[in-house]
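Sequence order for the protein chains is U and G.
1 is the number of the first residue of the first sequence in the numbering used here; add one for each residue after it.
1 is the number of the first residue of the second sequence in the numbering used here; add one for each residue after it.
Hints are not guaranteed to be accurate.
Across the chosen pairs, the derived CB separations fall in these ranges [to be verified]: (1) G:N247 <-> U:D32: 14 to 22 Å; (2) G:A372 <-> U:S152: 52 to 60 Å; (3) G:D270 <-> U:Y43: 24 to 32 Å; (4) U:S152 <-> G:H273: 36 to 44 Å; (5) U:R207 <-> G:D438: 51 to 59 Å; (6) G:L374 <-> U:T41: 24 to 32 Å; (7) U:I140 <-> G:S321: 44 to 52 Å; (8) U:D32 <-> G:D431: 52 to 60 Å; (9) U:V126 <-> G:L248: 54 to 62 Å; (10) G:V238 <-> U:I140: 52 to 60 Å; (11) U:S152 <-> G:R271: 29 to 37 Å; (12) G:A225 <-> U:T41: 44 to 52 Å; (13) G:L374 <-> U:S123: 53 to 61 Å.
Here are some chain U residues pointing at chain G (derived, C-beta under 8 Å) [said to hold, decoys possible]: (14) E9; (15) L76; (16) A80; (17) W84; (18) K101; (19) D131; (20) D135; (21) F160; (22) D202; (23) G217.
Quick caveat, the hints were computed from the structure, so don't treat them as lab data.
C-beta atoms are modelled at their ideal positions from N, C-alpha and C, and glycine is treated no differently.
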Amino acid sequence: MRILIVEDEQALRESLVTQLTAAGFTVDAAADGEEGLYAGTEYPIDLAIIDLGLPKLPGMDLIRKLREAGRSFPVLILTARDRWQDKVEGLQSGSDDYLAKPFHMQELLARVQALLRRSGGWSQPVIQCGDVSLDTRSQIVTVGEKVIDLTSFEYRILEFLMLRAGEVISKAELTERLYAQDFERDSNVIEVFIGRLRRKLDPEGSRQPIETLRGRGYRLVLARAESPGMRADGG
Amino acid sequence: MSSLSGRLLASVSLLLILFFGVTIAALDAVFRDLSQRSIGELLDAQLVALLAACEPDDHGNVQPAGALAETRLRQPGSGLYAQIRTRDGKFVWRSPSLLGSKVDFGGPVPAGERRLEQRSLDDNMRVMALTSSINWEIAPAVNREFIFNVATSLAPYEAQLARFRSQMLGWFLGLFVLLLGSLALLLRWALRPLRQIEMEIGEVEAGSRASLSASQPRELTGLAANMNALLKSERQRVERYRNTLGNLAHSLKTPLAVIRSALGGEPAIDRRHEIVNQQIDRMNAIVQHQLKRAAASGGAVMGQSAVEVAPMLVELRAALSKVYPDRDLLIEISAADGLAFAGDRGDLFELLGNLLDNACKWCRSRVRVVAARLPAADARTRLRITVEDDGAGIEIADRERILERGARADEQVQGQGLGLAMVREIVDLYDGTLEIGDSPLGGALVTVCLPGR
Numbered sequence: 001m002r003i004l005i006v007e008d009e010q011a012l013r014e015s016l017v018t019q020l021t022a023a024g025f026t027v028d029a030a031a032d033g034e035e036g037l038y039a040g041t042e043y044p045i046d047l048a049i050i051d052l053g054l055p056k057l058p059g060m061d062l063i064r065k066l067r068e069a070g071r072s073f074p075v076l077i078l079t080a081r082d083r084w085q086d087k088v089e090g091l092q093s094g095s096d097d098y099l100a101k102p103f104h105m106q107e108l109l110a111r112v113q114a115l116l117r118r119s120g121g122w123s124q125p126v127i128q129c130g131d132v133s134l135d136t137r138s139q140i141v142t143v144g145e146k147v148i149d150l151t152s153f154e155y156r157i158l159e160f161l162m163l164r165a166g167e168v169i170s171k172a173e174l175t176e177r178l179y180a181q182d183f184e185r186d187s188n189v190i191e192v193f194i195g196r197l198r199r200k201l202d203p204e205g206s207r208q209p210i211e212t213l214r215g216r217g218y219r220l221v222l223a224r225a226e227s228p229g230m231r232a233d234g235g
Numbered sequence: 001m002s003s004l005s006g007r008l009l010a011s012v013s014l015l016l017i018l019f020f021g022v023t024i025a026a027l028d029a030v031f032r033d034l035s036q037r038s039i040g041e042l043l044d045a046q047l048v049a050l051l052a053a054c055e056p057d058d059h060g061n062v063q064p065a066g067a068l069a070e071t072r073l074r075q076p077g078s079g080l081y082a083q084i085r086t087r088d089g090k091f092v093w094r095s096p097s098l099l100g101s102k103v104d105f106g107g108p109v110p111a112g113e114r115r116l117e118q119r120s121l122d123d124n125m126r127v128m129a130l131t132s133s134i135n136w137e138i139a140p141a142v143n144r145e146f147i148f149n150v151a152t153s154l155a156p157y158e159a160q161l162a163r164f165r166s167q168m169l170g171w172f173l174g175l176f177v178l179l180l181g182s183l184a185l186l187l188r189w190a191l192r193p194l195r196q197i198e199m200e201i202g203e204v205e206a207g208s209r210a211s212l213s214a215s216q217p218r219e220l221t222g223l224a225a226n227m228n229a230l231l232k233s234e235r236q237r238v239e240r241y242r243n244t245l246g247n248l249a250h251s252l253k254t255p256l257a258v259i260r261s262a263l264g265g266e267p268a269i270d271r272r273h274e275i276v277n278q279q280i281d282r283m284n285a286i287v288q289h290q291l292k293r294a295a296a297s298g299g300a301v302m303g304q305s306a307v308e309v310a311p312m313l314v315e316l317r318a319a320l321s322k323v324y325p326d327r328d329l330l331i332e333i334s335a336a337d338g339l340a341f342a343g344d345r346g347d348l349f350e351l352l353g354n355l356l357d358n359a360c361k362w363c364r365s366r367v368r369v370v371a372a373r374l375p376a377a378d379a380r381t382r383l384r385i386t387v388e389d390d391g392a393g394i395e396i397a398d399r400e401r402i403l404e405r406g407a408r409a410d411e412q413v414q415g416q417g418l419g420l421a422m423v424r425e426i427v428d429l430y431d432g433t434l435e436i437g438d439s440p441l442g443g444a445l446v447t448v449c450l451p452g453r
C-alpha cells in the first residue's frame with residue numbers, strides 16, 4: 001500500500017516515513033502543499049496523511065483540490081488544532097479521519113489500516129474472502145481454521161488483493177504500490193511471491209484462489225464475505 | 001427622570017404653567033380694571049343724569065323732578081340704586097329701587113370730591129358705589145351741600161368676570177394641551193435617531209447586526225463611528241487572541257509529536273522511554289486543556305451573530321460518522337429551526353462536539369439530542385440541550401466530580417468525565433447549568449442550559 005505524507009515539520013515527516021515504511025507501507029513524502037498536490041495527483045496513492053498547517057497550500061485546500069481532481073483515496077488529517085470546530089471543518093473538506101498531535105504511532109497505524117480497509121469496502125477489521133480470513137490488526141491470516149504463516153511481503157500482497165477482491169490488479173500496479181522502494185521494477189519478483197502465496201493458500205492446488213489474467217494482471221476470485229459498500233463521504 | 005423626552009416635557013410643562021399663569025393673572029387684572037372703569041363711567045353717567053333731573057324743592061332740598069328717565073331706578077331690586085342725603089346724613093331722596101333694601105354707602109366725602117368703592121347691599125350683595133358731594137345753589141347765593149350716592153349691583157359684572165375667566169382658562173388649557181401634544185410629537189420625531197441607534201445597539205448585542213449604520217444625524221455620527229470602531233477592535237482583539245492561542249498550541253504540539261514519534265511506538269523499551277511518554281501525555285493534556293479553556297470566549301462578542309444550533313448538530317453528526325465509521329450509530333437530532341445560542345460559535349462547537357462524542361463513545365448504538373427553547377426562563381438559560389445514550393450511564397461518584405466547580409479538566413476522571421469536564425467549563429463561562437441524570441434509553445442523560453435566542 002502506498003501512502004503519501006504531507007508534513008512540513010521535517011523531523012516529524014522523517015520519523016513518519018521511517019515508521020510507516022517499517023510497518024510495511026510504501027511511502028511518499030512531501031514538505032509542502034504544492035508538492036503534496038503533485039504527488040497526490042501523479043502517483044498511485046492509496047492513502048494520504050496531511051497536516052493542516054502547510055506552507056504554500058494549506059492542508060484543507062490541498063484536500064479540496066485532490067478531491068476536485070477526482071482522487072478518492074482516503075485522507076487522514078494530522079493536526080495540532082483539535083477544537084471540534086477545526087475537526088468538523090477538516091472532515092467536511094473531504095478528509096476521512098482526523099488525528100490530533102501529538103499522537104501515538106499505534107493509533108496512527110490503526111487509523112491508517114482502518115481507512116485502507118474501509119476504502120476497499122470492508123467495514124470490519126477482519127476481512128474474509130471465501131475461507132480465507134485476514135485480520136488487519138494482528139496481520140494473522142487463516143484458511144478455514146488453520147493459521148497460515150506469511151512473510152511481510154506475502155502478507156502485503158494478499159492484503160492488497162483481498163481488500164480489492166474481485167478487481168483485476170496489474171503487475172505494474174502491485175509493483176508500484178508495494179515494492180517501489182525495495183526492488184527493481186522490472187524484476188519478476190511479483191510472480192515469485194504470487195506463486196508462493198498460491199501454494200500457501202491452496203496447497204492441494206484445487207481452488208485456484210488467485211487468477212492470472214494474461215497481460216492484464218491478477219484477481220482474487222474468492223467470494224467476498226461483505227459486499228463493497230460506498231465510501232462514507234461518497235468522495 | 002430617566003427619559004430625555006420626559007425631562008423635556010416636564011420642564012416645558014412647568015415653563016408653560018408659569019407663563020400661562022402670569023398671562024392669565026395679567027389679563028384678569030386688565031379685564032377687572034377695564035370693567036371697573038366702565039362701571040365708574042356708568043355710575044358717573046347715572047350721577048350726571050340724576051343731577052340733571054334734580055331741582056331744588058320747597059324745603060331747600062334737591063330731588064328729581066317728575067318721573068325718572070332711568071327705569072331701573074324705579075324698580076325695586078333692579079340693581080341700580082341712588083339716594084341723596086344732606087351733609088349731616090339725613091335722607092333727602094331715595095330711589096324706588098332701594099325700596100326695602102339698605103345700602104351702606106359709607107360716610108360723606110369732602111365737598112367737590114367723589115369716591116368710588118365697593119360696598120354691600122343688604123349685607124350680602126356687593127355693589128359698586130359712587131359717592132359724590134355736590135354744592136347746590138338752592139336759592140340765589142344760598143349753597144347747600146348734598147351727598148349723592150349712586151350704586152350699581154356687581155352681580156352682572158361678576159358673572160361677566162366669571163365667564164371671562166372660564167373662557168380664558170378654557171382657551172389656555174386647550175393651548176397648553178395643544179402645545180404639549182405638538183411638543184411630544186416633535187420630540188418623537190427629533191429623537192427618532194436616538195431610538196434608532198438604541199435599537200441598532202440592541203441588534204448588535206443580539207447579533208443580528210454587525211455594526212451601527214453609517215447614516216446618522218450629525219450629532220450622532222461621532223458616537224456611531226466610535227462605537228463601530230470599538231466593536232471592530234474588540235472583534236479583532238478576540239480573533240487575534242484566538243489565533244495566538246491556536247498558533248501557540250500548534251507550535252507546542254508539533255514538537256511533542258516529533259518527540260513522540262522519534263521515541264517510536266509502544267510498548268516502551270525501557271523505564272526512560274516510559275517516563276518520557278508519560279510526560280508527553282501530561283504536557284499534551286495541559287497544553288490542550290489550558291489553551292482550549294483560554295480560547296473559550298465565555299460570552300458573545302458584541303456584534304457577533306447568534307449561532308444556530310440545528311445545522312451545527314447536523315455537521316457534527318456527519319463528522320462523528322467519520323470518526324466512528326465501524327460503529328452502527330443512530331444519532332437522532334431534534335432541534336427547532338432558528339433555535340440559536342447567544343455566544344461564540346467555537347464554544348458551542350466544543351460543547352456539542354464533546355457532548356456528542358462522549359455519547360457516541362459510550363453508547364451501544366443510540367444517541368438522542370434534543371435542543372429546545374425554554375419559555376419565559378432566565379435569558380442565561382433559555383436554550384436547553386439534552387444528550388442521552390443507551391450506554392451504561394455515569395457512576396454517581398464520577399457525576400459529582402464532573403459537576404464540581406473549579407476542578408480542572410486535566411485532573412479529572414478518565415472516560416466519560418474527560419469530555420464532560422470541558423463541557424462543564426464552557427457552561428460555567430456562560431453562567432449556564434449542567435445536570436447529569438439517567439436516560440430512559442438506559443445510559444447517561446446530560447442536560448445543559450445556555451443563553452439562547
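Ascending list of hint numbers which this structure does not respect | Violated hints (numbers, rising): 3, 4, 6, 7, 8, 9, 13, 15, 19, 20, 21, 22 and 23; every other hint is consistent with the structure.
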